[in-house]
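So you can see what is in the structure, the chains are spelled out below.
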Amino acid sequence: MKSAMRTDYYTATQNACNLCAPLGAALVFKGIANTVPLLHGSQGCSTYIRRYMISHFKEPLDIACSNFGEETAIFGGGANLKIAIDNIRKQYCPDLIGIATTCLSETIGDDVPMFIKAYQNGCRDEDLPALVHVSTPSYQGTHMQGFHGAVRALVATLAETASVEGPLSVNLFPGMVSPSDLRQLKEMVAAFDLEAILVPDYSETLNGPLWTEYQPIPQGGTPVAALRRTGGAAASIECGLVLSGEKETAGTWLEDHCGVPLHRLGLPIGIGASDLFFASLAAISGQPIPGKYTAQRGRLLDALVDGHKHFNGVKAALFGEEDLVAGLAAFCGELGIIPVLCATGGGNGRFVQTVQSVVPERYHDQMQILEDSDFVTIEKTLEALAPDLLIGHSKGFTMSRRLQRPLIRVGFPVHDRVDGSRMLHLGYRGAQQLFDRIANTLIEEKQKKNHVGYTYY
Amino acid sequence: MATGANKKPAEVRLDRQDPEKIKARLLAKYPPKVARKRAKQIVVNKVSADGEVPVISSNVRTVPGLMGQRGCCYAGCKGVVLGPTRDIINITHGPIGCGYYSWLTRRNQTDPDSSADGHNYIPYCFSTDMQDQEIIFGGEKKLKQAIQEAYDNFKPKAIAVFSTCPVGLIGDDVHAVCREMKAKLGINVFGFSCEGYKGVSQSAGHHIANNGIFKHVVGLDDTVKEGNYRINLLGEYNIGGDAFEIERLFERCGITLVSSYSGNASIDAFANSHTADLNLIMCHRSINYVAEMMETKFGVPWIKVNFIGAAATAKSLRKIAQYFDEQELTDIVEQVIAEEMPAVEAACADVRPRTEGKRAMLFVGGSRAHHYQELFAELGMKTLSAGYEFGHRDDYEGRKVLPDIKVDADSRNIEEMEITPDPERFKPRISEAKKAELEAKGLQFSAYDGMMTEMPDGTMVIDDLSQYETDQLIKMFKPDIFCAGIKEKYTVQKHGIPLKQLHSYDYGGPYAGFKGAINFYKEIDRMVSSRAWQYMRAPWQEHPELSATYAWE
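Sequences listed follow chains A and B, in order. This note's numbering numbers the first residue of the first sequence as 1 and each following residue consecutively. This note's numbering numbers the first residue of the second sequence as 458 and each following residue consecutively.
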């Protein structure tokens, strides 16, 4: 291993490779049925975050705000929060309001749990929506901390231990994946006759059809009632190898407080990780893996063998969220692609070790793994590594253009393609699609560089 | 200025509906206090014989919980006004989000080859990426480092620093850091206290940006460069290449552009811009402060122009000719208009059979909701309702109401700079007598009549439209096209109505000038004539009458 830790070219951040915590939290709240996310702070945060996520998902995505002014910043935001909740209830009649803080309310030290309690005490006779709070100052961690924090807050606020009648259910905490991925996960769990309680589930709210009827809040998402039942599930599955080192997550909360057994897995990207995911479902349900998936896996393996000739010595640079990069690195290892650079903007100290653990050892001395990194650092590192392709989100485009290397878009944000919300990464089908895109890109590059004009590969 | 505001004109109908009833329906669901506040911001227009319009409440704080379109002070300062300048390194001092979300998200174009040094930092996002320890112990040290690193790596001519919310709260002295680094590095380094919680919208940030540029940049270079008819174009941000089209027209007419604020702009041009002889204002809201200050300090007068719409473009070019009052310029302007218009007229005639009588709504910005009504009028389309996201009363009712505007706590916190004539460099560009002569001929100086004076009676003017009200308007009117931004786009389209983004132009454009008008005609034709919506329901889905339906069905 040449360099295990971050290479320090700069101390300030130039062209960041991560976003801020309230964005992750707002996304999670979009995955709960009839829910309005509310940012407690300056209105710019909700506007920026709305705009940023909308350009990726290309769907309605409303985030309310408590609209701090200068005097709010001085005297505190309690009154504003109350007005905001009142107005949201009047306009949208939601089942849940997800309240995430911003650096403004965090810096002045607003006690949001106390505000919520006071609000609830003041409206005892009314039918109140669930009010869930998560602390998300953007000077701590990245959007992923906000995401996982909100998932935990939902469960910790709402889960009930009472035993549940009916079919076996499994809590699935999938991490920050695409609506297509979420749909696929639900299908996979359903194939084992299990009920999936997906937190979050924005597969419909952020990838829905045109409306034939007006919807104040787009339909879909995990119902609040289902969140209450998470405490009685047969098991929880939490995806993300880097996340699995985290002490306080939704999964650990349910394990500690409700005794729900926790399976901590990687994101099911590629063959090995998907195999483990199916094995867990089989173990929880006591049912065999359905033939449909064995067939999918078979076709995937067949395609890998057929296409191996295009992958000889290919080097890829991966960047994005920790767990996505770790998942992709493992898949690259399966394809015989050397992930010469694995980089993330997150910095929780577990990334390097995690990536090492999933990539074959023989590649290690050709790899650089950067934590808490930014694009200026990544690009500088890549000049020496000369990868054949880049795999990551749209912000890598500038680098891809300068280095003249193709960029395969995955994850978030994907602003410069139309299918950000439909990209599939997970399961055998996700692996199949990733494989096809990577192989086709490599062929296209070869084709472009060749002067003869072969059409036969 | 107010007439007996909002008195219902008996027969006025808006698209066969009673606008006062529509207003009542928009307010129906709000709690009483919110309804009272919004009632003053939702106005049924009526222009009296002497050009007076109802009072509209604007530039007031958005009610918490109402999902509006507005951004923050930082967005207005860094994103809108300073962002389009290519050769200043803009460092966001704060946590990572603010810098990230404003990184190449506006569609300002720039041409680095038009400066000799070719500097272009627009593709970069510089941030101090504050962490816990800076919030606790202060971020000045990290800011200094960031400035030093930016300098070491790029050797820019100037570095600007933009404060985000926590910076004001923890008390970092951004301006002291900038002064220190300016002395150390020998380049221009200046800061903006544009914390997001200041003011009520991005408008506060525009004002702060204007002040900062004026204080730190304008007047640094007194070289009077060669060229006839030397003007500045203010409040044009080169979205979709608008500035390039306008520059093309200036060039054809022999008009010399000293500086633009700030589309396709360079800091060197700002420094020199006080040497121009006339300021043209496009977006009155975001930039009138610089024009006012430049007039007081250096004697450069300003006029309002609009290059959105072919007729408006011709009118604006004629205004410039009128100001300079030289036959040579007047002739060439007339010749350019005569040469450009046939293509515009042909394009318009081609699409008009399909656009005539269609209905539009525009809710955007601080000037676009006004300017774009010109283009829709050229297409024979009606504007049913319009409003600004962050406009003030003068943008709605005209600058004549300026003395009547109450300064509230939010506006009082934004510095009004004390400007006096420069002892050496103040030079009125035009004598009082000449000014009076031109005014008598109809050229208005320092004047903007606002949007409402040009809108028909009965149209609805709505300030700071909320998402909820957007949905209600769509349900009640089902307009043929809705103009707003990315936040509204996909919701409106879910209802089966095309939305044209007028912030980013849906990544198209230019729409300014003559060529821009042709682009816009074609684009709107394509959008209002789209056949996609007829497939919204699958043939096997229930017949509309049988299920719950939209109000218009």
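No wet-lab data here; the hints were simulated from the structure. Honestly, I wouldn't trust all of these hints.
Unchecked claim - According to the in silico footprint, chain A covers these stretches of chain B (three or more CB under 8 Å from chain A):
{"id": "1", "region": "557-567"}
{"id": "2", "region": "571-583"}
{"id": "3", "region": "633-641"}
{"id": "4", "region": "920-929"}
{"id": "5", "region": "938-948"}
Glycine included, C-beta positions come from ideal geometry on N, C-alpha and C.
Going down the list of hints, with the structure as the test:
Residue count for the region 557-567 of chain B with a Cβ under 8 Å from a Cβ of chain A: 5. That meets the three needed, and the coverage hint holds. Coverage of a stretch by a chain is defined here by at least three residues with a beta carbon nearer than 8 Å to that chain's beta carbons; for the region 571-583 of chain B and chain A the count is 4, and the condition holds. Counting residues of the region 633-641 of chain B whose beta carbon lies closer than 8 Å to any beta carbon of chain A gives 0, which falls short of the minimum of three for the stated coverage. Proximity of the region 920-929 of chain B to chain A, defined as three or more residues with a beta carbon under 8 Å from a beta carbon of that chain, is established by the 3 residues found.
For the region 938-948 of chain B, the stated coverage by chain A is satisfied: 6 residues place a CB nearer than 8 Å to a CB of that chain, which reaches the threshold of 3.
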